[in-house]
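So the sequences go chain by chain: A and B. Quick note: the first sequence, position 98, residue 98 per my numbering, numbers continuous. Quick note: the second sequence, position 73, residue 187 per my numbering, numbers continuous.
The hints are simulated quantities; they were obtained by calculation from the structure and are not laboratory data. One or more of the hints may lead you astray.
[To be verified] Some, not all, of what chain B presents toward chain A, calculated at C-beta under 7 Å: (1) Pro153; (2) Leu157; (3) Asn170; (4) Phe178; (5) Tyr214; (6) Glu216; (7) Gly222.
Note that beta-carbon positions come from the ideal geometry of N, C-alpha and C, so glycine has one too.
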Amino acid sequence: AQSVTQLGSHVSVSEGALVLLRCNYSSSVPPYLFWYVQYPNQGLQLLLKYTSAATLVKGINGFEAEFKKSETSFHLTKPSAHMSDAAEYFCAVSETGGSYIPTFGRGTSLIVHP
Amino acid sequence: KAGVTQTPRYLIKTRGQQVTLSCSPISGHRSVSWYQQTPGQGLQFLFEYFSETQRNKGNFPGRFSGRQFSNSRSEMNVSTLELGDSALYLCASSSGQGGYTEAFFGQGTRLTVV
Numbered sequence: 001a002q003s004v005t006q007l008g009s010h011v012s013v014s015e016g017a018l019v020l021l022r023c024n025y026s027s028s029v030p031p032y033l034f035w036y037v038q039y040p041n042q043g044l045q046l047l048l049k050y051t052s053a054a055t056l057v058k059g060i061n062g063f064e065a066e067f068k069k070s071e072t073s074f075h076l077t078k079p080s081a082h083m084s085d086a087a088e089y090f091c092a093v094s095e096t097g098g099s100y101i102p103t104f105g106r107g108t109s110l111i112v113h114p
Numbered sequence: 115k116a117g118v119t120q121t122p123r124y125l126i127k128t129r130g131q132q133v134t135l136s137c138s139p140i141s142g143h144r145s146v147s148w149y150q151q152t153p154g155q156g157l158q159f160l161f162e163y164f165s166e167t168q169r170n171k172g173n174f175p176g177r178f179s180g181r182q183f184s185n186s187r188s189e190m191n192v193s194t195l196e197l198g199d200s201a202l203y204l205c206a207s208s209s210g211q212g213g214y215t216e217a218f219f220g221q222g223t224r225l226t227v228v
């Protein structure tokens with residue numbers, strides 16, 4: 001069975017500061033991992049995904065995430081926050097050879113202060 | 115390439131009524147999944163259709179049903195609406211060929227039950 005835990009339902013940063021959104025997963029087999037972003041009144045949009053190639057994955061809008069098997073983590077980072085980054089972020093996991101349906105975390109709301 | 119289209123965007127229904135939501139996936143995508151998103155429960159998987167067959171099902175009562183047509187368009191039906199069914203319903207399409215494939219989300223249908 002697969003599961004995802006996102007630590008912190010809200011994260012607040014100042015514009016220009018480092019963004020760190022945490023995601024830990026549980027999976028009985030090698031996982032595929034995703035980060036999605038949701039802006040108000042919109043659907044989810046893929047930021048990046050890990051599919052067992054490079055452990056450091058670069059995505060859109062300057063975001064990146066590092067897969068750490070020993071820590072079962074896939075934290076999302078961005079060196080410098082922008083006001084436009086304010087949104088809800090979801091981490092998701094799906095399993096190789098599984099049902100193909102990703103399991104989503106509860107989401108983390110990123111607040112960016114000027 | 116046109117994205118995932120959900121109609122209508124907003125709905126207000128009365129308790130006890132039924133409702134049908136529609137989703138048109140990205141051209142060529144054979145998998146359509148439905149999710150319910152609420153502030154309290156986050157993103158919960160309802161069901162997935164692949165080539166007109168329900169391939170996966172979440173843990174929702176039988177009042178929630180769906181179908182997929184030969185052109186991959188999908189509908190979701192909720193009968194005997196309850197106040198707790200108020201939510202954002204999201205549709206996602208993908209190639210459905212593996213857990214590594216990205217899901218493309220529509221903007222959602224905001225259902226309010228009064």
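Structure-based check of each hint:
no.: 1; hint: Pro153; result: 10 Å, violated
no.: 2; hint: Leu157; result: 4 Å, holds
no.: 3; hint: Asn170; result: 5 Å, holds
no.: 4; hint: Phe178; result: 16 Å, violated
no.: 5; hint: Tyr214; result: 4 Å, holds
no.: 6; hint: Glu216; result: 5 Å, holds
no.: 7; hint: Gly222; result: 6 Å, holds
In the structure shown, a violation is registered for the earlier hints numbered 1, 4, in ascending order.
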